[in-house]
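Peer 1: Sequence:
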Amino acid sequence: MEAQDLVLVVYIDYFDLEETPRRVIAFQGPIKIVPADFLFDFAGLSVVAALVGTAYVGYKIATTSQAKSLVGGKRTESTSSSSSSGTKKPKMNASEIRAEIAAKKEVLDDEWIPAGLKKKKN
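Using this note's numbering, the first residue of the sequence shown is number 93, and each one after it goes up by one.
To be clear, the hints were calculated from the coordinates, so they are not data collected in a lab. Since this is a predicted model, take the numbers as computed values, not measurements. We treat Cβ as the ideally placed atom computed from N, Cα and C, and that holds for glycine.
List time: in silico BS3-like cross-link candidates among lysine-lysine, alpha-carbon distance up to 30 Å:
no.	residue 1	residue 2
1	Lys196	Lys211
2	Lys152	Lys183
3	Lys196	Lys210
4	Lys152	Lys196
5	Lys197	Lys183
6	Lys196	Lys183
7	Lys197	Lys152
8	Lys197	Lys211
9	Lys210	Lys197
Per label pair, the in silico range of CB-to-CB distance:
no.	residue 1	residue 2	range
10	Ile125	Lys196	47 to 55 Å
11	Pro206	Ala135	45 to 53 Å
12	Ala95	Ala154	34 to 42 Å
13	Val126	Asp105	23 to 31 Å
14	Gln96	Ile117	16 to 24 Å
15	Asn185	Ile125	45 to 53 Å
Generate the whole structure from the sequences, applying the supplied hints.
Peer 2: This is the structure in structure tokens:
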């Protein structure tokens with residue numbers, strides 16, 4: 093097999109704050125494909141291992157964020173009882189979300205600290 097010149101285009105798809113899908117070009121340019129002398133060399137295996145590891149971490153992040161949500165540092169799971177009550181949580185805009193996050197950061201959640209390690213209040 094001989095060396096080949098190819099064009100590589102890498103796209104990144106993401107959602108912005110308004111949940112609008114976007115696509116950007118991360119890389120677009122010529123690359124040179126050079127065949128390896130030995131199929132199982134260290135450099136080739138390390139690239140394959142890095143790609144597999146990156147794909148695995150991306151998969152874990154994607155599946156974990158869809159399955160669980162963190163609210164106030166505690167895990168909660170959505171139940172059908174909240175939807176059966178007939179009340180829906182109103183959509184919040186970005187400024188309301190930021191204000192809610194700032195309010196949560198001001199309140200110290202020290203329930204997880206053992207009682208013997210907490211400082212006594214005067």
